[in-house]
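A.B. asks: Listed here are the chains, written in short residue letters.
4 protein chains.
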Amino acid sequence: MTEKKDYKPDLANDAVMKASVPVPDDFVEVHGIDYSKPESRNARAKDIVKGMKTMGFQASNLATACEIIDEMRHWKGKHKSEIPEAERKGQFDDDGYQRTTIFMGYTSNLISAGLRDTLRFLVQHKMVSAIVSSAGGIEEDIIKCLAPTYMGAFALPGKGLREKGLNRIGNMIIPNENYCKFEDWMNPVLDKMLDEQEEFAKKRGAEALDADAPFWTPSKFIDRLGAEIKDETSVLYWAHKNQIPIFCPSLTDGSIGDMLFFHTFRASPKQIRLDIVADIRRMNTLSLDATRAGMIILGGGLIKHHICNACLMRNGADWAVYINTGQEFDGSDAGARPDEAVSWGKIKAEAHMIKLYADVTTVFPLIVAATFASE
Amino acid sequence: MTEKKDYKPDLANDAVMKASVPVPDDFVEVHGIDYSKPESRNARAKDIVKGMKTMGFQASNLATACEIIDEMRHWKGKHKSEIPEAERKGQFDDDGYQRTTIFMGYTSNLISAGLRDTLRFLVQHKMVSAIVSSAGGIEEDIIKCLAPTYMGAFALPGKGLREKGLNRIGNMIIPNENYCKFEDWMNPVLDKMLDEQEEFAKKRGAEALDADAPFWTPSKFIDRLGAEIKDETSVLYWAHKNQIPIFCPSLTDGSIGDMLFFHTFRASPKQIRLDIVADIRRMNTLSLDATRAGMIILGGGLIKHHICNACLMRNGADWAVYINTGQEFDGSDAGARPDEAVSWGKIKAEAHMIKLYADVTTVFPLIVAATFASE
Amino acid sequence: MTEKKDYKPDLANDAVMKASVPVPDDFVEVHGIDYSKPESRNARAKDIVKGMKTMGFQASNLATACEIIDEMRHWKGKHKSEIPEAERKGQFDDDGYQRTTIFMGYTSNLISAGLRDTLRFLVQHKMVSAIVSSAGGIEEDIIKCLAPTYMGAFALPGKGLREKGLNRIGNMIIPNENYCKFEDWMNPVLDKMLDEQEEFAKKRGAEALDADAPFWTPSKFIDRLGAEIKDETSVLYWAHKNQIPIFCPSLTDGSIGDMLFFHTFRASPKQIRLDIVADIRRMNTLSLDATRAGMIILGGGLIKHHICNACLMRNGADWAVYINTGQEFDGSDAGARPDEAVSWGKIKAEAHMIKLYADVTTVFPLIVAATFASE
Amino acid sequence: MTEKKDYKPDLANDAVMKASVPVPDDFVEVHGIDYSKPESRNARAKDIVKGMKTMGFQASNLATACEIIDEMRHWKGKHKSEIPEAERKGQFDDDGYQRTTIFMGYTSNLISAGLRDTLRFLVQHKMVSAIVSSAGGIEEDIIKCLAPTYMGAFALPGKGLREKGLNRIGNMIIPNENYCKFEDWMNPVLDKMLDEQEEFAKKRGAEALDADAPFWTPSKFIDRLGAEIKDETSVLYWAHKNQIPIFCPSLTDGSIGDMLFFHTFRASPKQIRLDIVADIRRMNTLSLDATRAGMIILGGGLIKHHICNACLMRNGADWAVYINTGQEFDGSDAGARPDEAVSWGKIKAEAHMIKLYADVTTVFPLIVAATFASE
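One line per chain: the protein sequences are W, X, A and F, in this order. Counted from 1, the first sequence has number 352 at position 352 by UniProt numbering; the numbering is strictly sequential. Counted from 1, the second sequence has number 343 at position 343 by UniProt numbering; the numbering is strictly sequential. Counted from 1, the third sequence has number 304 at position 304 by UniProt numbering; the numbering is strictly sequential. Counted from 1, the fourth sequence has number 56 at position 56 by UniProt numbering; the numbering is strictly sequential.
Careful: at least some of the hints might be erroneous.
Unchecked claim - In silico SDA-like links for lysine to any residue, alpha-carbon gap of 20 Å or less:
hint, chain 1, residue 1, chain 2, residue 2
1, A, Lys-18, X, Glu-177
2, X, Lys-76, X, His-352
3, F, Lys-230, W, Lys-192
4, F, Lys-78, F, Met-151
5, F, Lys-203, A, Glu-198
Unchecked claim - Residues from chain W that keep clear of chain X, each with C-beta distances beyond 10 Å, as calculated:
hint, residue
6, His-74
7, Ser-129
8, Ala-147
9, Lys-159
10, Asp-191
11, Asp-212
What the hints assert, rightly or not - Some but not every residue of chain A turned toward chain X, in silico, with C-beta under 10 Å:
hint, residue
12, Asn-13
13, Val-16
14, Asp-34
15, Ala-43
16, Val-49
17, Gly-96
18, Leu-115
19, Asp-117
20, Lys-159
21, Lys-164
22, Asn-178
Just so you know, the hints here were simulated from the structure itself, not pulled from any lab data. Nothing here was measured: the structure is a model prediction, and the numbers come from that model. Cβ atoms here follow ideal geometry from the backbone N, Cα and C, with glycine treated the same way.
So here's chain W without its partners, still in its complex pose:
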């Protein structure tokens, strides 16, 4: 080839070869992990996460989630002594400084899946302030004190499992025996709870329904389970011990509901009452009182909406980390990006917020190792 003509179709050339503006100084270059460095061999959590910070897609979102978690857990306000007693609200650290009220939400399946040990670690060490879970997230924590959950497979056919009394949750198996054990454990507890209810009803008479009556609510019911279980592997045990409230407005939607249903026959004509109005007051008050509020929401649905809605009461959370696989296209609450919550006043416009699109089980062990458990 001796001569090079440079004719090209103008339209195509102009479109393909369009000049770009100079790159602003604050642009950050994309680069990955340098495996020639010794610290990237069998790397530590913090080093892996650091390397992901300058990678595209969800790698950088994972790193940002860790940064936001570190910001919310390290935030420190005034000392108690600087605050008039009437205004001493919200959370304080052991040294008496204001700290972030961290709302953590998780769906039932994460307790089943073995993240329970991780979540318990956070509760045991008072690293979170309040919890919202779905009904299964409550009962499976107790049931795991009575009998184990087993690894299984997504493809196991349901018919054969039902014949054997083996219940499938994704790629795990829970023998139905576990629920029988749970009933044996629950019935005396429910009987006691009803007795206590009867007691105050008699005492209070016509005022038994008043706001200050010691009515059962989901959060009190859960606290009682934590008090009864006396098992250090349990999230509820430590939540009770550390007085970290666990909310679950739909507490009847699962095995506890089954037990309560059966108990209505056992207790007739009496019946345990579980009031959800007192709990919404308790939950919203936590948000109102918080000096700063942070959200760590693992999964979608009710638990996500409930925390966000509470944070509206204070005109928005200061930090927000969502981890789930929901997408926005179908308008599911799980799929809503944090920016949708900004429009509602549930997250402050200036908050640091991120949504990490991932199955929580694939990323939360790494995230916790690089944040809460990094020291």
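Fit chains X, A and F to the known structure of chain W by using the hints.
C.D. replies: Chains X, A and F only, in chain W's frame:
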């Protein structure tokens, strides 16, 4: 090319050219819609769905969903007169024949999105027997009687919206004014409800918490809203009129919760009590009493689990249609296939069941037009 | 309840009751289908789609996709006679008016799934101008002329299927016999193609590789298959007949690749050559010459990128409809929203564009019935 | 509460309290990471992965992916000296033992996202045997030697970006200037390639198209780019140096295609020819010759199908790891589970195989740190 050698690597040839067994007689050929036929031009719902029956992927699942819905709505049992009075449970059609108890669940966003008109149509014409929704699915039905929701876009930035008081739900906008109107409407209703509670508390005294006390529960609360709204566009209005119960164990998780929270200040030292135990008894009893049970579940999360769990009480539903975009890989309840519910006894092994993977809004108008609204 | 106090926590009240700006006049109210109207019973495609236009989430996106398709197919420019002969480029309708060059892309699985009949209808009636498909989208069209594909199920275990020689594609089954028949059909065609190649190589000698040499390219190869198959059910047959080019740069990635691999042994020391450079020139030239360009892209991956990239040559398409289930979070090309293509100059900033998040099989039958097949 | 009646509805009780079979001995208990152990603080990759092995959902799939990768990279067959010279095919390790032929596939976006450093590490150290990528995966590797990619955000509006000549890939930005630099770099290379083609065409004359002619194919073209770039950060550089072939049947689908398109004008009446038939022979031969075959496929679409299809030639791979976010419901190839490939003979029924549902960027740094980079 004059000579053709037929040498090929044996391993590759054997693998690629592996013989297959004769095709069984009951195999159904895949084929699509023949657009040369006049009925496929601007086609009618039933013709489109018929054409999708022999197409792969979710097209056939959509057609199967229609078949299952038709099976559950057309099933007819014995006449009342053939059944001893003590055993006359479950649903009967207008002519006195047993019919399927159809549990329908839908998430809040579908009421917002305009499927409300479709869902109302089903309730107005008594085509379903009981409903489970999330809190937003209740309140948005009422709010839409007071002020409209508007079309928007997924990409509208949250900060600007919040400044204008415009809340985003996916690609829709709800002015905050709508919630102010809702509060104005709700407060007198809540006052009346508290008055009625006070009345029976005084009357019953120490027995005020008994099982037969006229306690507020989410389903009774919702029924009352339906009675008060007096608006024929409302799902709740028709549910009240046709005595179709609507369950929502987490009724406080949204704007109604905000109103109830504010009302606790207004009502102090009194407080409305919303008991979720009586509702789980009511819900499970509907399942137990059903001659046949069918599930139509639009969306995931609580509403899906709650219907499935109730159907466990009768050892499984007879028909099940799930429509959502959840995937099983992350163990979310939304993503669980019907076969997982079989392992739990929530759907009978021999039931007709399908999961249609789709944003409900893209498929339910077609499905309803081809089933409930086909005649 | 006699007196109503209106104390509420200010912070919460201000946040929840934030005033909103007056709703702009051009806001469109969300509403659904009115099933009381006779036309909504067993409704026609256009009526269903019209009803979806004011619904949230993907319902309105589906309706918008129909509008955009109607815009692109109804656009009409100048008459040939008004245009100097040298400038008469792009597509013209039967009356001699400029019309949109419509690029349609589809993945292999849609041909398998029975959308082939729909796609063939569009090609048969010259409703599209050029096609991009993946290798399977080419070969399965031919194979379906030789033997059928069957309905199956997603859960059929692979081991048993392999033993029987039954290949699974999602919830469909293709007996391996079909590929044996395909080889029998292909071999004589490949022999002829090689003969023709040899002929021009001999004739051209050292100039055999020049740009004007009648080299085989994927698009010419596909056209030849269409010429040979002589079957009116085939997309390729009608594409050949109507001279609608079908591009497939990765034509060797499937059964045709297997046949070509085997043929290299049969043909040795000769070999068919398939040049992809001449095809990129042909594809890009179609884009450059188009008076207006529209994209209808069904599925993701190569077929989506290839059409978009060609439209960069003309500084962007004028209309774009994407239908797939890809999400943007993982940076897959399938998941990229049309707005990402705007940044690259592949879609004009002012173009009408939409992404509909759906399994194509659930929505395209309805869309075609309401657009191309509406008259 | 004094007396406890145990009446419960029989049907419900039997269903809920169904007895389960004794748990088989080989059942594995679900449990998570014990953060009380020192090694779980800022944990190392292998410890995190070990902890995930007994967790549900994708956590265990991630751990299984690591196990399978370790199996394939540690497998060791016979020594060369034990094998007759004519049968010495496939890969051998540095000590002369047979080792697994590892096919690695990755989509373009992963090179853009910063996984390039990780992938380069694997190629540099000869940890993989052959690569399949899409066109962007080739050109972006070269372009990154000329100018960097930058971090951006998913929500940046396309119109403003286009005006500035900034192209968006997910949450990253590539200035258009990078492509101008790429053209400057490519043109002399393309000129040389055409010269070499002309040379052999002249020499071979009518036999220029024969199988043994040194025709350009995508894999040779890519190898040449690797030879020219002379940059140790480049995957292509090390692939050339270590003679690891990189396949890309659709090499024209991107910026290289743009350059080749423009080059057809520059080169006229000559034209570079890129033959894809010779490459399918090369690719399939690698599979046929492999003593054992392993697949590591990052992302979906063409790159996944191409590796699987090649492995059909040897009646299936021995190990398979898929990592992507595709779902099976819409029949996309990306979404197909490994078990679908078993039905086609692309993976052996007895192979160890896993699909990990995740954005590759969130998991692959951890996986590599725990496997290839663990020592």
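A.B. asks: Do the numbers back the hint for Asp-117/A, that is, is its least Cβ distance to chain X under 10 Å?
C.D. replies: holds, 4 Å
A.B. asks: Hint Val-49/A vs chain X: min CB-CB distance below 10 Å?
C.D. replies: holds, 9 Å
A.B. asks: Is Lys-78/F within 20 Å of Met-151/F, Cα to Cα?
C.D. replies: violated, 48 Å
A.B. asks: Let me know if the C-beta of Asp-34/A comes in closer than 10 Å to any C-beta of chain X, holds or violated.
C.D. replies: holds, 6 Å
A.B. asks: Quick check for students: does the CB of Ser-129/W sit more than 10 Å from each CB in chain X?
C.D. replies: At roughly 19 Å from the nearest Cβ of chain X, Ser-129/W sits farther out than 10 Å, so the non-interface label holds.
A.B. asks: Identify whether the interface hint at Lys-159/A stands, where standing means a beta carbon of chain X within less than 10 Å of its own.
C.D. replies: Cβ of Lys-159/A sits 14 Å from chain X, so the hint is violated.
A.B. asks: Would you check the hint for Lys-76/X and His-352/X, treating anything up to 20 Å between C-alpha atoms as holding?
C.D. replies: Roughly 16 Å between the alpha carbons, so the hint for Lys-76/X and His-352/X holds.
A.B. asks: Is it correct that the beta-carbon of Asp-212/W has no partner in chain X closer than or equal to 10 Å?
C.D. replies: violated, 6 Å
A.B. asks: Beyond 10 Å on every Cβ pair: is that true for Ala-147/W relative to chain X?
C.D. replies: holds, 16 Å
A.B. asks: Given Gly-96/A as an interface hint, is the shortest Cβ-Cβ distance to chain X below 10 Å?
C.D. replies: violated, 26 Å
A.B. asks: For His-74/W, which was marked as not at the interface, is the minimum beta-carbon distance to chain X over 10 Å?
C.D. replies: Its Cβ never comes within 10 Å of chain X, the nearest being 26 Å, so this holds.
A.B. asks: Against the 20 Å threshold, does the CA-CA distance of Lys-230/F and Lys-192/W hold or violate the hint?
C.D. replies: Violated - the C-alpha atoms of Lys-192/W and Lys-230/F are around 78 Å apart, more than 20 Å.
Of the numbered hints given earlier, the model fails hints 3, 4, 9, 11, 17 and 20; all others are met.
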